[in-house]
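Chains A and B, in that order, give the protein sequences. Note that our numbering gives residue 191 to position 191 of the first sequence, counting from 1, and the numbers run on in steps of one. Note that our numbering gives residue 679 to position 198 of the second sequence, counting from 1, and the numbers run on in steps of one.
Hint data in this document are derived by calculation from the structure and do not stem from the laboratory. A virtual CB, placed ideally from N, CA and C, is assigned to each residue, including glycine. Please note that the accuracy of each hint is not assured.
Only part of the chain A face toward chain B is listed, based on derived beta-carbon distances under 10 Å [as the list claims (entries may be wrong)]:
1) Tyr20
2) Gly24
3) Asn243
4) Tyr318
5) Asn328
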Amino acid sequence: MSPKPLDYESLNENVKKVAYAVRGELYLRASELQKEGKKIIFTNVGNPHALGQKPLTFPRQVVALCQAPFLLDDPNVGLLFPADAIARAKHYLSMTSGGLGAYSDSRGLPGIRKEVAAFIERRDGYPSDPELIFLTDGASKGVMQILNTIIRNEKDGILVPVPQYPLYSATISLYGGSLVPYYLEEEANWGLDFHNIRQSVAAARSKGITVRAMVIINPGNPTGQCLSEANIRELLKFCFQENLVLLADEVYQQNIYQDERPFISARKILFDMGPPISKEVQIVSFHTVSKGYWGECGQRGGYFEMTNLPPQTVDEIYKVASVSLSPNVPGQIFLGLMVNPPKPGDISYLKFVVESKAVLESLRRRAHIMTDGFNSCRNVVCNFTEGAMYSFPQICLPPKAIEDAKKAGKAPDVFYCLKLLEATGISTVPGSGFGQKEGVFHLRTTILPAEEEMPAIMASFKKFNDEFMEQYEDYRGYSRM
Amino acid sequence: MGSTQSPPVTFNSINPKVLKCEYAVRGEIVSHAQRLQQELQTKPDCYPFDEILYCNIGNPQSLGQLPVTFFREVLALCDHPSILDKSETHALFSSDAIARARQILDLIPGRATGAYSHSQGIKGLRDAIAAGITARDGFPANADDIFLTDGASPAVHMMMQLLIRSEKDGILCPIPQYPLYSASIALHGGSLVPYYLDEAAGWGLEVSEVKKQLEDARSKGIAVRAIVVINPGNPTGQVLAEGNQREIVEFCKKESLVLLADEVYQENIYVENKKFNSFKKIARSMGCGEKDLSLVSFQSVSKGYYGECGKRGGYMEVTGFGADVREQIYKLASVNLCSNISGQILASLVMNPPKVGYESYESFTAEKNGILSSLARRAKALEDAFNSLEGVTCNKAEGAMYLFPRLHLPRKAIEAAKAVNAAPDAFYARRLLDATGIVVVPGSGFGQVPGTWHFRCTILPQENKIPAIITRLKAFHESFMGEFCD
Numbered sequence: 001m002s003p004k005p006l007d008y009e010s011l012n013e014n015v016k017k018v019a020y021a022v023r024g025e026l027y028l029r030a031s032e033l034q035k036e037g038k039k040i041i042f043t044n045v046g047n048p049h050a051l052g053q054k055p056l057t058f059p060r061q062v063v064a065l066c067q068a069p070f071l072l073d074d075p076n077v078g079l080l081f082p083a084d085a086i087a088r089a090k091h092y093l094s095m096t097s098g099g100l101g102a103y104s105d106s107r108g109l110p111g112i113r114k115e116v117a118a119f120i121e122r123r124d125g126y127p128s129d130p131e132l133i134f135l136t137d138g139a140s141k142g143v144m145q146i147l148n149t150i151i152r153n154e155k156d157g158i159l160v161p162v163p164q165y166p167l168y169s170a171t172i173s174l175y176g177g178s179l180v181p182y183y184l185e186e187e188a189n190w191g192l193d194f195h196n197i198r199q200s201v202a203a204a205r206s207k208g209i210t211v212r213a214m215v216i217i218n219p220g221n222p223t224g225q226c227l228s229e230a231n232i233r234e235l236l237k238f239c240f241q242e243n244l245v246l247l248a249d250e251v252y253q254q255n256i257y258q259d260e261r262p263f264i265s266a267r268k269i270l271f272d273m274g275p276p277i278s279k280e281v282q283i284v285s286f287h288t289v290s291k292g293y294w295g296e297c298g299q300r301g302g303y304f305e306m307t308n309l310p311p312q313t314v315d316e317i318y319k320v321a322s323v324s325l326s327p328n329v330p331g332q333i334f335l336g337l338m339v340n341p342p343k344p345g346d347i348s349y350l351k352f353v354v355e356s357k358a359v360l361e362s363l364r365r366r367a368h369i370m371t372d373g374f375n376s377c378r379n380v381v382c383n384f385t386e387g388a389m390y391s392f393p394q395i396c397l398p399p400k401a402i403e404d405a406k407k408a409g410k411a412p413d414v415f416y417c418l419k420l421l422e423a424t425g426i427s428t429v430p431g432s433g434f435g436q437k438e439g440v441f442h443l444r445t446t447i448l449p450a451e452e453e454m455p456a457i458m459a460s461f462k463k464f465n466d467e468f469m470e471q472y473e474d475y476r477g478y479s480r481m
Numbered sequence: 482m483g484s485t486q487s488p489p490v491t492f493n494s495i496n497p498k499v500l501k502c503e504y505a506v507r508g509e510i511v512s513h514a515q516r517l518q519q520e521l522q523t524k525p526d527c528y529p530f531d532e533i534l535y536c537n538i539g540n541p542q543s544l545g546q547l548p549v550t551f552f553r554e555v556l557a558l559c560d561h562p563s564i565l566d567k568s569e570t571h572a573l574f575s576s577d578a579i580a581r582a583r584q585i586l587d588l589i590p591g592r593a594t595g596a597y598s599h600s601q602g603i604k605g606l607r608d609a610i611a612a613g614i615t616a617r618d619g620f621p622a623n624a625d626d627i628f629l630t631d632g633a634s635p636a637v638h639m640m641m642q643l644l645i646r647s648e649k650d651g652i653l654c655p656i657p658q659y660p661l662y663s664a665s666i667a668l669h670g671g672s673l674v675p676y677y678l679d680e681a682a683g684w685g686l687e688v689s690e691v692k693k694q695l696e697d698a699r700s701k702g703i704a705v706r707a708i709v710v711i712n713p714g715n716p717t718g719q720v721l722a723e724g725n726q727r728e729i730v731e732f733c734k735k736e737s738l739v740l741l742a743d744e745v746y747q748e749n750i751y752v753e754n755k756k757f758n759s760f761k762k763i764a765r766s767m768g769c770g771e772k773d774l775s776l777v778s779f780q781s782v783s784k785g786y787y788g789e790c791g792k793r794g795g796y797m798e799v800t801g802f803g804a805d806v807r808e809q810i811y812k813l814a815s816v817n818l819c820s821n822i823s824g825q826i827l828a829s830l831v832m833n834p835p836k837v838g839y840e841s842y843e844s845f846t847a848e849k850n851g852i853l854s855s856l857a858r859r860a861k862a863l864e865d866a867f868n869s870l871e872g873v874t875c876n877k878a879e880g881a882m883y884l885f886p887r888l889h890l891p892r893k894a895i896e897a898a899k900a901v902n903a904a905p906d907a908f909y910a911r912r913l914l915d916a917t918g919i920v921v922v923p924g925s926g927f928g929q930v931p932g933t934w935h936f937r938c939t940i941l942p943q944e945n946k947i948p949a950i951i952t953r954l955k956a957f958h959e960s961f962m963g964e965f966c967d
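Could you build all of it, start to finish, from the sequences and the hints given here?
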């Protein structure tokens, strides 16, 4: 029999190189255990609604009405939907030609892009051009589109923070580029070290790599740190000097849990810095409906905004977007609602504010509970989650544990996380999935489990961890768990 | 440093594959139409027409087609599940829609439609789709073989990504084809190996022609990995005969090709003597199982009678691949986490519509038949209209949503086109737009036998507009031919 036309050997090599640990080994093992009846707490992905966070009421009312516009003419519609939701549904439907079921402009509905531009202007104090805002099926698709535009071959390098959200490493592998790492300094609260960044760039260039772009994730994922204004200024100057386009992943901009460093967009700071730099540095900024206090991951709504990209390049990006016809329209409407939420005086305003605040305040409390919980554990050190949705504790594994891991054919943090999963049902992602310094181990968990359940979860973790550490640090004991 | 260099992302430094990729469906002529439309808004009398009629794209609801009520009821309830338990809801929604919404939400952990799902899509929805495929084909389908995607297009991209290693990997595509295929192959750096459909034989697919092209490509050192078959065809509309399909299956088996079966128009059939048979059904009925044929079947919520383009719902059913390849497909799907949940729900509804006995069955069936019979009438009316024009021949649209008439243009017209550096069909299409506001896509956007000219026109404008469209078309064509007759 002839060999199969597509077998593992004949697959695109770039596909084989892709790794995306967020839904990798640990998640698959956790899913297996769940099927066997074990209770699993999935903290592997930033997926708030899966852990009990409720959707905000107003957007769901509006989108439900948009799905079923015949309801709008029904005399009974007011029994179930408030007047402002009805008005807003009409507003969004009027932006479409044919409602939710028609392909929109490949860049997204012009009316919603205008709302996004208005939001950016209010947030930053500088005008934004809707023509330079493209809506996408989630921010991830936008990231992939932009990286595909930049990467020509393996000689094109993209600076990526380590640790990073592995969409970046996966996409760079897929498109055959080179990842140029720059390490965040754990001891300095996951801060930037420009000396180190310059060294990385120089090392890459000496290997013949053209460094094209720099990714920043602010607030950070998995690390949570919020960049200061000074940080961002330095980054922009760096990009200006080294001729890099800045890819600013700002999807967690509404998830800020400290008051010293509020979120400031990279674009705002660029414009604050004035010419020539403000006219030269290219930025692509990403945002989404999946995070913040909305957590509407399943809608796949997002956008990117381009700054200082030449018109021809924008046209090419538009051309590629047009091949996929259009982003999903309900997701676009969620985005419109996110950037243009109910205002004071609106019927739904109070409820909306109460719901939003509850989520954000709880997230802030959970950020503390988790950080403190990890820091109370033996051999665990954890930086505070200043923003985003994750905790990234460092686990100082004893040498015997590392040995046992090797014997089991697993990376040490994978070994630890698998044991944690089997013992407690807590499904995390090993730090190796995000990148870390050699010999330093972490895991990523989310701060999303329900607040009431957090103390029990942290207690369960502590029990497992402290026993594990005792076991492996016990030189008389027989190290087998 | 800094401003003395050219910026990092310019036209000259972007990925050349991006530059190479083309997609005429939303190309130049459409941009021009949009400009005209904007002008019409400010100066309504500036052109000899009142409105732009977009016949360039299979986007039914943008031209007035209404969505299927039952589907929208269920989707609305799934978007806002908190109203399911309210008594007032029964005043606004049919009870079987409420029941279906409950049943679907029970398949979703925590009823959380805002959560990322399994990367292949919600298991219970895949089960429902598998059951729908089984009922359609009479052969079993497996939920684990299904990957729900944001429309069929991302699924096509995924397969191209897996198959194409370099420009030495070729994918057989029909000419004419839907330019997603040529664009995707270009974007992923592969080679398109064309096989020509036979216009004189109703756009028939001759396996001998495919074989010739395959051998020709191989002799040039191309490893031909897969064949795309679009059934019903786009832009050509032909529905393959069963015998033809069996030949194709045998051919793929023999030549070790992945069969990429684009079946998004499976519910759009307008002729009595043909019916849709999925390639999976044909293969299984020939005794071709997983060991014999690697098959990927694509379906979408954008077409059929539901026309839900803006929802971005679809799936691919993947059979006949080893476990290690399947893992890689899953891995790719997982990087994007999952497709939009509302689209997933819609795909399950499309594959499992209301049945006899449902409260909504009669109204659903009336809506469905209304749309399909209207499409059939419009297909015929426009086909006849095109055939009545001097120098135009048009094959029947047996299915899908398009007509692809051939223009036998006078020499003077061809020269006039050359003089302005335009392909003759693009020249004609532009003149048509400027005179009538009707937007069609030049045949070069789909591929055609060199030296022949066509354009693709959808059959989607509302039925009551068709007579006026035909009148305008005829008037324009007569005037055009008058201007350029030899």
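Do the hints match the structure? See the list:
A least Cβ separation of about 5 Å between Tyr20 of chain A and chain B falls short of the 10 Å threshold, and the interface hint therefore holds. With its C-beta approaching chain B no nearer than about 8 Å, Gly24 of chain A sits inside the 10 Å limit, and its interface hint holds. At its closest, the beta carbon of Asn243 of chain A sits 5 Å from a beta carbon of chain B; the interface hint therefore holds under the 10 Å criterion. Among the interface hints, the one on Tyr318 of chain A holds; its C-beta lies about 9 Å from the nearest C-beta in chain B, closer than the 10 Å criterion.
With a least beta-carbon distance of about 4 Å to chain B, the hint placing Asn328 of chain A at the interface is held under the 10 Å criterion.
In the structure shown, no violation is registered for any of the earlier numbered hints.
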